[in-house]
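Q: Knowing the structure of chain A, use the given hints to seat chain B on it.
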Amino acid sequence: MTTWDALDIALMLGKIVVLFAIILTLAAYMVLAERRILGWIQDRIGPNRVGPFGLLQPLADVIKMLTKEDMIPKAADRFLFSVAPAMAAIPAILTFAIIPLGAPTVFFGHEVNLQIADLDVGVLVFLALSSIAVYGVALGGWASNSKYALLGSIRGLSQLISYELSMGLSLVPVVMLAKSLRLSEIVDAQAQMPFIVYQPLAFAIFLVSILAECRRIPFDLPEAEGELVAGFHTEYSGMRFGLFFVGEYINIISLSALASLFFLGGWRGPLLPPILWFFIKVALFAFVFIWVRGTLPRLRYDQLMHLGWKFLTPLALLNILATGWWLALR
Amino acid sequence: MERIIFYILAAVTVIGTLCAITARQAVRAIVYLVTSFFALALIFYLLGAPFVAALEVIIYAGAIMVLFLFVIMMVEVASPEKLAKPALSDWWPALALVLVVVASLTVLVAGQAPPVPGAGAQTVRQFSQVLFTRYGVAIELVSMQLLFALVGALYLGRRR
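Protein sequences appear in the order of chains A and B. Using the numbering used here, the letters of the first sequence correspond one by one to residues 1 to 330. Using the numbering used here, the letters of the second sequence correspond one by one to residues 331 to 490.
Simulated from the structure, these hints should not be mistaken for laboratory data. Note that this is a predicted model, so its numbers are computed, not measured. Ideal placement from N, C-alpha and C gives every residue a C-beta, glycine not left out. Please note: incorrect hints may appear among the correct ones.
[What the hints assert, rightly or not] Here's a subset of chain B near chain A, in silico, CB distances under 7 Å, partners left out:
1) V344
2) V357
3) A379
4) P380
5) F381
6) V382
7) A384
8) I388
9) L399
10) M403
11) T453
12) V454
[Said to hold, decoys possible] To be clear about the criterion: a stretch of chain A counts as covered by chain B if any three or more of its residues have a C-beta under 8 Å from a C-beta of chain B, and this derived list gives those stretches:
13) 62–75
14) 133–140
15) 155–164
[As the list claims (entries may be wrong)] Listed next, with one range per pair, are the computed distances between beta-carbon atoms:
16) A:V112 / B:A426: 52 to 60 Å
17) A:V18 / B:Q475: 45 to 53 Å
18) B:S419 / A:F79: 27 to 35 Å
19) B:I334 / A:R78: 27 to 35 Å
20) A:G39 / B:V472: 53 to 61 Å
21) B:V472 / A:L317: 14 to 22 Å
Okay, chain A solo, but in the shape it has when bound (with noise of 0.2 Å):
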């Protein structure tokens, strides 16, 4: 490996602790706009008592969740229960550490690249950090020792597992298109075109999957709060809580980010800033996602199921062929 001098390192801790910032400061605005947007939709005003147009919510959100008491049930596991949470969290967040903001920049005489590593495996790391994602929400609930919460968790296993594989194989024909991994390689492989021209129906397939992935209206069987109270978290109060929370809105952002890399070419595109571009895209994804939850119900577990394994993961096998065949007759 190459040697580290300490400019390379301070770099690397500022990236970190610059996209740190970054992330919980949007996680907790998404929360705000998903709150005013759901107000919007249903037509009601929103949360917009706290600063101007209510911008300074989620401070006061944060202050309520610290200053709340902190409950651990007297039969749940201590070590488990109170870990859970962060295993929800901490998967969302590493994601990031994949993801190329823009191109690379110019900084103080350095070439500095918009990520914090970009890796030869970079789609397999996303796929293995969301399949590690299911520990949180399975031990939480395990944990809390609860009929809810252990329904909500086992109902959230199964739902994580079985959409992975639909995310997972609607991955394939993008990695097929780009022929690399690495995350970087992708985004430059759509500089002409972004991949949802050609891969219209892996989009589709993702998109509903990353829905899933996130148990976001209409997936939120899991904490389905008309029959398993909250679900999983039934049992947590204070910051655990909001642990599970922000991790949740991470993940939307994450996803996000990783739908946009992944079919609208990441930060390309004219005229304005890469970063900016990105950020659009983000917030588009975003704002799907907060579209889908005012407008759908919720299913019910065997459509869940159903559409997961007897449709949408068929759907992307044979749209691996089809892409096969196209890539080898062209």
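A: Quick look at chain B alone, frame taken from chain A:
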């Protein structure tokens, strides 16, 4: 630098595995084992095999252990009692296995066998070229075997 990271990871792997086999509760054992898989994956990465590292996490930590967790979560609800301390008679198969492992390790270390030459695989592209050309037939055989196992499991589990 890499040496220090390696020793930390190695310690995590070993301690994680030890905790996994001594844990009384199956779910905790899974958590320890997953920790050890994670550290192992990072060791693979340090050794210059990022592909294997990613697969280690995706397959072992992300798929197999999740299925284990799923089964245990369903079963433990029905019978949540803790296991008794194992008797000495339960120990001897494990001890015999330990002897075999220790013996083979001693032979390996004492014999100073030259390190197995890797295929020089660094990137995914090189790795897959070696995998599908030199070991192509073996890969196909293994995948056929997995398919048979899948069909067999489907047959056994079908509704009568």
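Q: It remains to establish, for every hint, whether it holds in the given structure.
A: Against the structure, the hints:
no.	hint	in the structure
1	V344	20 Å, violated
2	V357	6 Å, holds
3	A379	10 Å, violated
4	P380	5 Å, holds
5	F381	6 Å, holds
6	V382	9 Å, violated
7	A384	4 Å, holds
8	I388	5 Å, holds
9	L399	6 Å, holds
10	M403	5 Å, holds
11	T453	5 Å, holds
12	V454	5 Å, holds
13	62–75	violated (count 0)
14	133–140	holds (count 4)
15	155–164	holds (count 4)
16	A:V112 / B:A426: 52 to 60 Å	57 Å, holds
17	A:V18 / B:Q475: 45 to 53 Å	49 Å, holds
18	B:S419 / A:F79: 27 to 35 Å	31 Å, holds
19	B:I334 / A:R78: 27 to 35 Å	32 Å, holds
20	A:G39 / B:V472: 53 to 61 Å	55 Å, holds
21	B:V472 / A:L317: 14 to 22 Å	20 Å, holds
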